[in-house]
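Undergrad: Based on the provided sequences and hints, a complete structural model is requested.
All the letters of the sequence shown, read from the start, carry residue numbers -2 to 176 under the working numbering.
Since the hints were derived computationally from the structure, they do not count as laboratory data. None of the values given here were measured: they were computed from a predicted structure. Using N, Cα and C, we set each Cβ at its ideal position, and we do this for glycine too. There's no promise every hint is true.
Under the rule of at most 25 Å between Cα atoms (straight-line distance), these lysine-lysine pairs were calculated in the BS3-like manner [to be verified]:
| no. | residue 1 | residue 2 |
| --- | --- | --- |
| 1 | Lys141 | Lys106 |
| 2 | Lys59 | Lys106 |
| 3 | Lys18 | Lys59 |
| 4 | Lys106 | Lys84 |
| 5 | Lys59 | Lys17 |
| 6 | Lys82 | Lys106 |
Across the chosen pairs, the derived CB separations fall in these ranges [unchecked claim]:
| no. | residue 1 | residue 2 | range |
| --- | --- | --- | --- |
| 7 | Ala20 | Lys82 | 27 to 35 Å |
| 8 | Glu7 | Ser117 | 31 to 39 Å |
| 9 | Trp16 | Phe112 | 34 to 42 Å |
| 10 | Thr115 | Glu83 | 31 to 39 Å |
| 11 | Asp129 | Asp61 | 32 to 40 Å |
| 12 | Thr64 | Pro11 | 23 to 31 Å |
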Amino acid sequence: TGYSGVAHCEMFNPQTAVWKKVASLNEGRYQAGACVIEGQLMIVGGCNSWHCLHTVEAYDSKLDQWTPLPPMAIARRGVGVTVFKEKLYVVGGTDGQSSLSTVEIYDPKSQSWSFGPTLSVPRANVGVCVVDNRLYAVGGFCGKTFLDSIEYLLEDGQEWCSFAPLSRSPSNTSVTDLS
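TA: What follows is the structure in C-alpha coordinates.
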(Lines of atoms letter the chains of each structure in order from A and count residues from 1; the text may use other names and numbers.)
(Lines give C-alpha, C1' and ligand atoms only; values in the text may rest on other atoms or scores of the structure.)
Protein backbone atom coordinates (compact mmCIF):
# COMPACT_ATOMS: atom_id res chain seq x y z
CA THR A 1 0.00 0.00 0.00
CA GLY A 2 1.25 3.53 0.70
CA TYR A 3 2.33 5.43 -2.37
CA SER A 4 2.74 2.40 -4.62
CA GLY A 5 -0.95 1.54 -4.96
CA VAL A 6 -2.97 -1.37 -3.63
CA ALA A 7 -2.08 -4.86 -4.92
CA HIS A 8 -3.92 -6.90 -2.24
CA CYS A 9 -7.08 -8.62 -3.52
CA GLU A 10 -9.95 -10.46 -1.89
CA MET A 11 -12.92 -12.34 -3.34
CA PHE A 12 -16.40 -12.51 -1.81
CA ASN A 13 -18.43 -15.72 -1.96
CA PRO A 14 -22.14 -14.76 -1.79
CA GLN A 15 -23.19 -18.34 -0.90
CA THR A 16 -21.03 -18.45 2.23
CA ALA A 17 -20.88 -14.67 2.86
CA VAL A 18 -17.11 -15.04 3.33
CA TRP A 19 -14.21 -13.00 1.94
CA LYS A 20 -10.98 -14.83 1.04
CA LYS A 21 -7.56 -13.57 0.03
CA VAL A 22 -6.61 -14.25 -3.59
CA ALA A 23 -3.49 -13.55 -5.63
CA SER A 24 -2.23 -9.97 -5.51
CA LEU A 25 -2.12 -7.77 -8.58
CA ASN A 26 1.25 -7.65 -10.36
CA GLU A 27 1.18 -3.86 -10.04
CA GLY A 28 -0.48 -2.02 -7.17
CA ARG A 29 -2.88 0.73 -8.21
CA TYR A 30 -5.59 3.19 -7.18
CA GLN A 31 -8.55 4.52 -9.23
CA ALA A 32 -8.46 1.62 -11.69
CA GLY A 33 -11.39 0.51 -13.83
CA ALA A 34 -12.77 -3.01 -13.37
CA CYS A 35 -15.01 -5.21 -15.47
CA VAL A 36 -15.63 -8.89 -16.20
CA ILE A 37 -15.27 -10.13 -19.78
CA GLU A 38 -15.20 -13.76 -20.90
CA GLY A 39 -15.12 -14.93 -17.26
CA GLN A 40 -12.06 -12.91 -16.30
CA LEU A 41 -11.88 -9.86 -14.08
CA MET A 42 -10.05 -7.07 -15.89
CA ILE A 43 -8.26 -4.29 -13.99
CA VAL A 44 -7.54 -1.34 -16.28
CA GLY A 45 -5.25 1.65 -15.76
CA GLY A 46 -5.32 3.49 -12.46
CA CYS A 47 -2.35 5.11 -10.81
CA ASN A 48 0.50 4.28 -8.45
CA SER A 49 1.11 7.39 -6.38
CA TRP A 50 0.79 10.23 -8.95
CA HIS A 51 1.70 8.30 -12.10
CA CYS A 52 -1.16 7.12 -14.30
CA LEU A 53 -0.90 3.58 -15.65
CA HIS A 54 -1.60 2.15 -19.07
CA THR A 55 -1.26 -1.43 -17.83
CA VAL A 56 -4.05 -4.01 -17.80
CA GLU A 57 -4.31 -7.27 -15.83
CA ALA A 58 -6.76 -10.18 -16.09
CA TYR A 59 -7.64 -12.43 -13.13
CA ASP A 60 -8.33 -16.12 -13.66
CA SER A 61 -10.16 -17.42 -10.57
CA LYS A 62 -9.51 -21.08 -11.48
CA LEU A 63 -5.74 -20.51 -11.47
CA ASP A 64 -5.80 -17.74 -8.81
CA GLN A 65 -3.50 -15.76 -11.08
CA TRP A 66 -3.24 -12.26 -12.58
CA THR A 67 -1.92 -12.08 -16.14
CA PRO A 68 -0.61 -8.88 -17.73
CA LEU A 69 -2.35 -8.05 -21.01
CA PRO A 70 -1.30 -5.65 -23.78
CA PRO A 71 -1.27 -2.09 -22.40
CA MET A 72 -3.58 0.72 -23.46
CA ALA A 73 -2.11 3.48 -25.63
CA ILE A 74 -2.91 6.19 -23.04
CA ALA A 75 -2.13 5.94 -19.32
CA ARG A 76 -5.31 6.86 -17.45
CA ARG A 77 -7.18 6.63 -14.16
CA GLY A 78 -10.80 7.32 -13.18
CA VAL A 79 -12.07 5.53 -16.28
CA GLY A 80 -15.44 4.03 -17.09
CA VAL A 81 -15.16 0.38 -18.15
CA THR A 82 -17.79 -1.96 -19.59
CA VAL A 83 -18.34 -4.70 -22.15
CA PHE A 84 -20.08 -3.67 -25.37
CA LYS A 85 -20.46 -5.97 -28.37
CA GLU A 86 -18.05 -8.54 -26.85
CA LYS A 87 -15.26 -5.97 -26.45
CA LEU A 88 -13.94 -4.07 -23.44
CA TYR A 89 -14.56 -0.31 -23.68
CA VAL A 90 -12.40 2.04 -21.61
CA VAL A 91 -14.09 5.44 -21.61
CA GLY A 92 -12.60 8.80 -20.60
CA GLY A 93 -10.66 9.15 -17.36
CA THR A 94 -7.76 11.45 -16.69
CA ASP A 95 -4.07 11.28 -17.59
CA GLY A 96 -3.21 13.10 -14.36
CA GLN A 97 -3.17 16.49 -16.09
CA SER A 98 -6.43 16.65 -18.04
CA SER A 99 -9.77 14.88 -18.29
CA LEU A 100 -9.90 12.68 -21.37
CA SER A 101 -12.47 12.27 -24.14
CA THR A 102 -10.72 9.31 -25.75
CA VAL A 103 -12.10 5.78 -25.83
CA GLU A 104 -9.97 2.65 -26.14
CA ILE A 105 -11.41 -0.73 -27.12
CA TYR A 106 -9.85 -4.08 -26.23
CA ASP A 107 -10.68 -7.09 -28.41
CA PRO A 108 -10.07 -10.25 -26.35
CA LYS A 109 -10.04 -12.43 -29.46
CA SER A 110 -7.13 -10.60 -31.11
CA GLN A 111 -5.72 -9.36 -27.76
CA SER A 112 -5.32 -5.89 -29.25
CA TRP A 113 -6.41 -2.30 -28.58
CA SER A 114 -7.94 0.23 -30.94
CA PHE A 115 -9.34 3.71 -30.49
CA GLY A 116 -13.09 4.24 -30.55
CA PRO A 117 -15.03 7.42 -31.28
CA THR A 118 -14.17 10.39 -29.06
CA LEU A 119 -16.68 11.52 -26.44
CA SER A 120 -18.32 14.90 -27.07
CA VAL A 121 -16.79 16.22 -23.80
CA PRO A 122 -13.91 14.95 -21.63
CA ARG A 123 -15.17 12.81 -18.72
CA ALA A 124 -13.05 11.68 -15.75
CA ASN A 125 -14.74 9.48 -13.13
CA VAL A 126 -17.49 8.72 -15.64
CA GLY A 127 -20.10 6.03 -15.12
CA VAL A 128 -20.72 3.71 -18.07
CA CYS A 129 -23.23 0.94 -18.78
CA VAL A 130 -24.99 -0.78 -21.65
CA VAL A 131 -28.79 -0.65 -21.88
CA ASP A 132 -30.80 -1.81 -24.92
CA ASN A 133 -27.65 -2.24 -27.02
CA ARG A 134 -26.45 1.32 -26.34
CA LEU A 135 -23.34 2.25 -24.39
CA TYR A 136 -24.04 5.20 -22.06
CA ALA A 137 -21.52 7.61 -20.50
CA VAL A 138 -23.06 9.33 -17.46
CA GLY A 139 -21.76 12.41 -15.64
CA GLY A 140 -18.12 12.72 -14.73
CA PHE A 141 -15.74 15.66 -14.43
CA CYS A 142 -14.61 17.60 -17.51
CA GLY A 143 -11.63 19.27 -15.82
CA LYS A 144 -13.53 22.40 -14.77
CA THR A 145 -16.90 21.24 -13.48
CA PHE A 146 -18.96 18.15 -12.68
CA LEU A 147 -21.12 17.18 -15.63
CA ASP A 148 -24.90 16.84 -15.61
CA SER A 149 -24.99 15.28 -19.06
CA ILE A 150 -25.33 11.83 -20.58
CA GLU A 151 -24.22 10.66 -23.99
CA TYR A 152 -24.62 7.32 -25.71
CA LEU A 153 -22.83 5.47 -28.46
CA LEU A 154 -24.96 4.68 -31.48
CA GLU A 155 -25.49 0.97 -32.22
CA ASP A 156 -23.02 1.09 -35.11
CA GLY A 157 -20.36 2.20 -32.60
CA GLN A 158 -19.24 5.17 -34.71
CA GLU A 159 -20.59 8.27 -32.94
CA TRP A 160 -21.61 9.56 -29.49
CA CYS A 161 -24.94 11.42 -29.20
CA SER A 162 -26.23 13.69 -26.42
CA PHE A 163 -28.99 12.55 -24.10
CA ALA A 164 -31.22 14.56 -21.71
CA PRO A 165 -29.31 16.31 -18.89
CA LEU A 166 -29.39 14.98 -15.34
CA SER A 167 -31.35 16.90 -12.71
CA ARG A 168 -28.14 17.55 -10.72
CA SER A 169 -24.42 17.15 -11.23
CA PRO A 170 -23.09 13.97 -9.59
CA SER A 171 -19.54 14.20 -8.22
CA ASN A 172 -18.73 10.50 -8.62
CA THR A 173 -20.93 8.46 -10.90
CA SER A 174 -21.49 4.72 -10.81
CA VAL A 175 -24.02 2.95 -13.00
CA THR A 176 -24.85 -0.70 -13.62
CA ASP A 177 -27.05 -2.78 -15.89
CA LEU A 178 -29.61 -4.65 -13.79
CA SER A 179 -30.97 -6.83 -16.59
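Undergrad: Compare the distance between the alpha carbons of Lys106 and Lys84 with 25 Å, and conclude whether the hinted pair is satisfied.
TA: 9 Å, holds
Undergrad: For Lys18 and Lys59, compute the direct alpha-carbon distance and say whether it is at most 25 Å.
TA: Judged against 25 Å, a Cα distance of about 14 Å means the pair holds.
Undergrad: For Lys59 and Lys106, compute the direct alpha-carbon distance and say whether it is at most 25 Å.
TA: 20 Å, holds
Undergrad: Between Lys59 and Lys17, does the CA-CA distance stay at or below 25 Å?
TA: It holds: about 14 Å lies between the C-alpha atoms, which stays within 25 Å.
Undergrad: Please test the hint of 31 to 39 Å on the beta carbon pair from Glu7 and Ser117.
TA: 38 Å Cβ-Cβ, so the 31 to 39 Å window holds.
Undergrad: When you check the alpha-carbon spacing of Lys141 and Lys106, does it fall within 25 Å?
TA: The hint is violated at about 38 Å.
Undergrad: Note whether the CB distance of Trp16 and Phe112 lies within 34 to 42 Å or breaks it.
TA: At 38 Å between Cβs, range holds.
Undergrad: Taking 23 to 31 Å as the hint, is the beta-carbon distance of Thr64 and Pro11 inside that range?
TA: 25 Å, holds
Undergrad: Indicate whether the distance between the beta carbons of Asp129 and Asp61 respects the range 32 to 40 Å.
TA: With Cβ atoms ~36 Å apart, the hint holds.
Undergrad: Could you check the hint for me, namely that Ala20 and Lys82 are 27 to 35 Å apart, CB to CB?
TA: Between Ala20 and Lys82, where Cβ atoms are some 30 Å apart, the hint holds.
Undergrad: Quick one: are Thr115 and Glu83 within 31 to 39 Å, going by C-beta?
TA: Distance hint for Thr115, Glu83 is violated at roughly 22 Å.
Undergrad: So if I understand the rule, the pair passes when the alpha-carbon distance is 25 Å or less; does Lys82 with Lys106 pass?
TA: Status holds; Cα separation ~12 Å.
In terms of the numbered hints stated before, the structure departs from hints 1 and 10, listed from lowest to highest.
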